[in-house]
Amino acid sequence: MAFPAAEPTPVTSDVVPGTASQVSDGLKTPPPEPETHVRRRSLVILSFWLIVICLGLPIWWKTTTIYRANLPIDTMLQWADGKACRPVFPLQITIRADSLQAAEAQNLVRLTQHALDDLNDFSGHHLRLRFAPNDAAPGTEGGDAVDDALTIHLTPGETTSAALDPHTTVLEITYPPNAMPSPNSASSPLATYIAKELRSTFEEERATISYLLSTSSMSADVSPQSVTPDIAENLAKRTTRSLRYAGTYHLTFSLFTEGALPSTWDIEAAVAEYMQPMLDVLSPIHNFTIDTQVQLYATPGAQSQVLHKHDLASFINAAEWPLSPSIGGAPTVNFVIYVGNQTISLDSGAETSQSWMIPQWGTVYLLRLPGQTAHVASEALREPMLTFGGHLLSLLGTPQSGSLPLRLSTLSRVRSADLLLRASSTLGSLARLSLALPSISIPRSVADGVSKTIDHLEQACANLGGQTGLLHARIAEEEAERAFFEKSMVGQLYFPDEHKIAVYLPLLGPVGVPLLMGLINELKRWNKKRKDRAQAAAAKKAQ
1 MAFPAAEPTP VTSDVVPGTA SQVSDGLKTP PPEPETHVRR RSLVILSFWL
51 IVICLGLPIW WKTTTIYRAN LPIDTMLQWA DGKACRPVFP LQITIRADSL
101 QAAEAQNLVR LTQHALDDLN DFSGHHLRLR FAPNDAAPGT EGGDAVDDAL
151 TIHLTPGETT SAALDPHTTV LEITYPPNAM PSPNSASSPL ATYIAKELRS
201 TFEEERATIS YLLSTSSMSA DVSPQSVTPD IAENLAKRTT RSLRYAGTYH
251 LTFSLFTEGA LPSTWDIEAA VAEYMQPMLD VLSPIHNFTI DTQVQLYATP
301 GAQSQVLHKH DLASFINAAE WPLSPSIGGA PTVNFVIYVG NQTISLDSGA
351 ETSQSWMIPQ WGTVYLLRLP GQTAHVASEA LREPMLTFGG HLLSLLGTPQ
401 SGSLPLRLST LSRVRSADLL LRASSTLGSL ARLSLALPSI SIPRSVADGV
451 SKTIDHLEQA CANLGGQTGL LHARIAEEEA ERAFFEKSMV GQLYFPDEHK
501 IAVYLPLLGP VGVPLLMGLI NELKRWNKKR KDRAQAAAAK KAQ
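Going by UniProt numbering, the first residue of the sequence shown is number 1, and it counts up by one from there.
One or more of the hints may lead you astray.
Within a straight-line C-alpha distance of at most 25 Å, the following computed SDA-like cross-link-like pairs (lysine to any residue) qualify [claimed, not checked]: (1) Lys196 with His126; (2) Lys500 with Leu515; (3) Lys528 with Pro32; (4) Lys524 with Pro32; (5) Lys83 with Thr215.
Hint data in this document are derived by calculation from the structure and do not stem from the laboratory.
Turn these sequences into a full structure, and let the hints guide you.
What follows is the structure in structure tokens.
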């Protein structure tokens, strides 16, 4: 049976007239946003950005900016390069000749000065001669006090000879009566002899200062031939052996014994009798503090009776020999007396010694005493104390030639040059550090220290050769070191930029992303609106 074909069922549409395009696209667009809402959203975004730019960024910049005090970089580099100071050591030499007329003495001084100038090949070390009249007081010139590096006493004799007083800064020179130059002579054998003696007397000082300047940036006036290789090697060894300069040193005298005896010693009397006179002479250059100790049952690292060079390094066992630490921050010089039967074998093998000096540390003296000696008297400590005194001079960098007062005056001038060079070098290092690390903090105290350093350097440069120059050079070196090692500044050296990113990113990320995305969307909407207006204007113009 056939069924009739079904008629198509009419399809009814529920689409609202005018919305056919929405059906064809399959999407429903939201109703247009009111203009007031759009304007309000733009104002909110703009207000947030205004707060960030006008208030947040200035506060952040002010609170996180690293303070950098103004430093005289150019002046600091000039000191470091040796352009701000030409180190010259003028040494005043006084000539006294009681048996000569004033005119004869003046003529001899003039000829001797010419001979000195001809022999001098180092302009940084200049000897200036002056004649002291017979009625003038020592150390004065025209009523003004002067610092004499050396005094020459001219006395008539049978031959020409010279001798330096071992206890003063006086050079005794004798001359025959016929050695006096005539008023019209251009040269004189006696003047040449005096000039050579003066040059020989100050040869070590001249070589030391020349070596210091040649190894620094202030070497414009120092020729390479001023210091021979042998002298330079000896001076380098002395520099390595000596202690770094300090205004105060702490001296520790220790008595170590391998048993229970001796247990007491007259160290105070021995120091007062044998060491204190030399310390008093050194007082214009260094101050000293002293302490003593006794350590029983001290076992050295080497047990052999004859100690060789390879044994000396292990003789002191730091675990068994507790030495007193530095007091007040001053460098410590250790003087150790060990009571035992050991001796030190010298290079020859046939000779022995009882002491040796440890560079930049101190001295160990091996003292032999009769058995069962319970008390060490002051007389038994004479040789150790004298040995300690000589080694102390070496550890301080004292020259080896000349009388003790002359050696100490030379030490004062050498230390002045050393401190001047070190302070200038520290200023240069600080200037280069501030230029290399723009983000490093420079506190106001550093700028004040640099200013004080430069002031004292200028005064030290103007007064080189005397105690005033040493004083200002010492203060300049201390201020420069304090400024360079400022704690708040050194800490910035270990805070790289990666740490800053790690700190700021977790804080600014959650806040910055919404602000940035809102600004981008608002810019896109504004750009689309501008394009729509432009198209509408173009269509209207086309109609």
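Hint by hint, here is what the structure shows:
1. Among the hinted pairs, Lys196 with His126 is consistent with the structure: their alpha-carbon atoms are about 14 Å apart, no more than 25 Å.
2. Straight-line distance between C-alpha atoms of Lys500 and Leu515 comes to about 22 Å, which keeps the hinted pair within the 25 Å bound.
3. Of the supplied pair hints, the one linking Lys528 and Pro32 holds, its CA atoms being roughly 15 Å apart against a limit of 25 Å.
4. Restraint check for Lys524 and Pro32: the C-alpha separation of about 17 Å stays at or below 25 Å, so the hint holds.
5. Only pairs whose Cα atoms come within 25 Å are accepted, and Lys83 paired with Thr215 is accepted, the gap being roughly 16 Å.
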